[in-house]
Amino acid sequence: MAKIFCVANQKGGVGKTTTAINLAASLVVHKKRVLLIDIDPQGNATMGSGIDKNAVELTSYQVLINQSTIEDVRIRSEIGGYDVLPANRELSGADLDLAQLEDREHQLKKALEVVDDQYDFILIDCPPTLSLLTLNGLSAAHGVIIPMQCEYFALEGLADLVNTIKRVHKNLNANLTQIGILRVMFDARITLQQQVSDQLVEHFKDNVYKTIIPRNVRLAEAPSHGIPGINYDQSSRGAKAYAQFGAELIKRVKKLDKA
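The sequence shown begins at 1 in the numbering used here and counts up one residue at a time.
Hint data in this document are derived by calculation from the structure and do not stem from the laboratory.
C-beta: ideal position from N, C-alpha, C; glycine also.
What you were told as hints is all true, and nothing was included just to trick you.
Derived DSS-like pairs: lysine-lysine, alpha-carbon spacing no greater than 30 Å straight-line:
no., residue 1, residue 2
1, Lys166, Lys254
2, Lys166, Lys210
3, Lys31, Lys254
4, Lys170, Lys254
5, Lys205, Lys240
6, Lys251, Lys11
7, Lys205, Lys170
8, Lys31, Lys110
9, Lys210, Lys31
10, Lys109, Lys11
11, Lys255, Lys166
12, Lys258, Lys32
13, Lys251, Lys109
14, Lys254, Lys210
15, Lys31, Lys109
16, Lys170, Lys258
17, Lys258, Lys240
Simulated DEER-style distance windows between Cβ atoms:
no., residue 1, residue 2, range
18, Leu155, Thr129, 17 to 27 Å
19, Gln100, Gln234, 45 to 55 Å
20, Asn207, Gln118, 22 to 32 Å
21, Gln100, Lys254, 34 to 44 Å
22, Gln194, Gln118, 36 to 46 Å
23, Lys205, Gln67, 36 to 46 Å
24, Glu57, Lys110, 16 to 26 Å
25, Lys210, Gly93, 39 to 49 Å
Start from the sequences, fold in the hints, and give me the full structure.
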């Protein structure tokens, strides 16, 4: 069975999609079979994987409303080496359509059951809102990866997201047990960021990943070329950090499986 992780944060501009794309590419480097699901209407994970969101005929929208299967919709990211369930602005109306369906929070989970044995990891790039799209992602997942910058305003949003995850665990998905905080866009020269980082570790302990993703120009450049940062410049600090994060996630999953 695949391990399913949402990459989620209700605050925009925190490196959520960058994390989803580069983690997918990193897991491929570690010889894992990966599906990246884009359920963000902006379609940035799709574009960042080298797929033109405006040219695709079918997207995750059709999967969520039961018009198509994942097997019919997925596209290969040739440069990243993983499969992508693409998204574009068509997904903007999904909340209204999902609201009319029975068991509306579990549409993605049911769709994934068909391809579960074809992948080692399934990553879901969620929109930066607590919508029905995000609830579908959380209801299908075993864990949540929360990318966040080490700033005080980010801490406030983190508390809300963790509370939402706890409610989903209680009411919709008892398998949602793994929460991991990934520190991104980190600049060790800024004292405030180091202080917030220390607070995170003190409060959330082992739920904070050891890997820290530094602020890196090459990672920022890569999406404009439709290439994951880990493939764009393997020697960059950002690429090396995401490679390290992929290894850490694999190790954590193995440890939990043995427990």
